[in-house]
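**Student:** Those protein sequence lines, which keep their order, are chains A and B.
Position 56 of the first sequence, counting from 1, maps to 56 under this note's numbering, and the rest follow consecutively.
Heads up: take any position in the second sequence, counting from 1, add 95, and you land on this note's numbering.
Note that these hints are calculated values from the structure, not bench results.
Since this is a predicted model, take the numbers as computed values, not measurements.
Be aware that a few hints might be false.
Said to hold, decoys possible - Derived Cβ-Cβ restraints for the label pairs, each shown as a range:
1) Asp190(B) - Glu69(A): 48 to 56 Å
2) Gly83(A) - Trp175(B): 34 to 42 Å
3) Tyr294(B) - Ser20(A): 49 to 57 Å
4) Thr223(B) - Pro14(A): 26 to 34 Å
5) Pro207(B) - Gly18(A): 30 to 38 Å
6) Thr54(A) - Glu243(B): 20 to 28 Å
7) Asp27(A) - Glu230(B): 23 to 31 Å
The C-beta atom is built at its ideal place from N, Cα and C for all residues, glycine as well.
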Amino acid sequence: MAEISVVLPSVLQPLAGGQSLLTAPADGTVTVGWLLDAVTGDYPVLARRLRDETGALRRYVNIYVNGDEVRRLQGLDTEVAGGQEVLIIQSVAGG
Amino acid sequence: MGFMATPETYLLAIGTKKGLWLATSQDRRQWSFSGPHFLMSEIPSIGIDTRDGRTRIMVGVRSEHWGPTVAHSDDLGATWTEPEQGAIKFPEGTDAAVERIWQIHPDAESRPGVVWAGAEPISVWKSTDGGQHFELNRGLWDHPHRSEWGAGYGGAAAHSIVVNPSGDNVHVAMSTGGVYRSLDGGTSWEPRNRGISAYFMPDPNPEFGQCVHKIAADAAVEGRLYAQNHHGVYRTDDNAESWQSIAEGLPADFGFVMLTHPRRAGTAWVVPLKADGERIPPEGKLAVHRTDDAGGTWKRLDAGLPQSEFNAVLRDAAAVDAAEPVGVYFGTRGGAVYASADEGETFAEVASHLPDVLCVRAAVVVDAAVVADAAVASSA
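Could you put the whole structure together from the sequences, leaning on the hints where they help?
**Tutor:** As structure tokens, then:
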């Protein structure tokens, strides 16, 4: 079965047991929302860093699929195919 | 192992825009610092819980990137615990998400484990397990006024929670919305703002909508509370049925801070700022003002404070401890922190050039063993 990889920024890696890469098995395509559920299932604190309790992506968390930020695609409904890599990157914020 | 008597240890916690600093002292003059904890996250709220024979520091943490959370430490900041599922989370169906935790308030000695919290969006929360999990107060959340509550510059905040000794009487203050009172322990709520001005509204004396910046209860007189308003300093003697101005004798009636003595009736402290439109100490001279007669007269206290200061002191950036005499602490948006071991008569600068100070809390540490451990850790 194909896998999808999610690359974490270093600041979040301690919340995933020190891993920089989380993977989920995927036959065909899945949504980014599904993927986040899958890879953060064992890491609830990590899950809360990315999305608030309504499920919305936090404002300054950017997720890239094929180099495009998902807000410019279909948000958490953006589809990802097995073998692809998804990047989580914090955006520029704060002073 | 026999008990070894140690001198009293004081804890000072300073929450800033970019992290938390902790300090301990034996005399409230010389302080040993640790930090920054939670670097790059703001710490708008701190609760120090000295019940149950331990000193628990609870902090509201908020990262611009990663959102808000609550963490706690039982070893003076050596280690922190964040409940896996999150301590404060809006339940399903509310379609709301916590933006910032404005207040963490351990309840009375007689109700160990009970901790209250105030958050943005305007909401009040209650924990019965020492701050590990909080439940949303539904009475206030479902209040028909909620859609009319607003946000001050810093965000919509339920920032003051005052519970009377028997626990049936709860006052909450919010910016903006004003004071709400519950007579049934928090089940139902009514606005109680008669006498408090809201000059920025078409009707300057509305039932609710005031921008009350901070409230605090008198230590000994039940039903007496003090309020620092968005212009106006007030006292109520009838459990918030009506409020009277006690601003006479102060250099200005604007400000954010309202502190009361933990034991003595009639004593309160404020830190006046010139005006809404000029949020600096009057004449650029920083001073605390204390009343010992419930607002009848005020005494200016500025010994040890800088000659010139143009930074504001925010609503939770001031605190008292419970020692005798009471210690008074506050920090500025310029990152200076001042401490007084004599109820404000004299201050000393204990920290400077920190990020903007958002929250200050202080307490007498109850478990000496953890102090010894922390000392060993810091000297290692």
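**Student:** Please go over all the hints and tell whether each is borne out by the structure.
**Tutor:** Checked hints:
1. Against the hinted window of 48 to 56 Å, the Cβ-Cβ separation of Asp190(B) and Glu69(A) comes to about 25 Å, which falls outside the hint.
2. Judged by the Cβ atoms, the range 34 to 42 Å given for Gly83(A) and Trp175(B) holds: they are separated by roughly 39 Å.
3. Remark: the range hint 49 to 57 Å for Tyr294(B) to Ser20(A) is upheld by a beta-carbon distance near 55 Å.
4. Separation of Thr223(B) from Pro14(A) is about 30 Å and conforms to the stated range, judged on CB atoms against 26 to 34 Å.
5. A beta carbon spacing of about 37 Å between Pro207(B) and Gly18(A) agrees with the range 30 to 38 Å that was offered as a hint.
6. For Thr54(A) paired with Glu243(B), a C-beta distance near 23 Å keeps the hint of 20 to 28 Å intact.
7. About 41 Å separates the C-beta atoms of Asp27(A) and Glu230(B), a value inconsistent with the hinted range of 23 to 31 Å.
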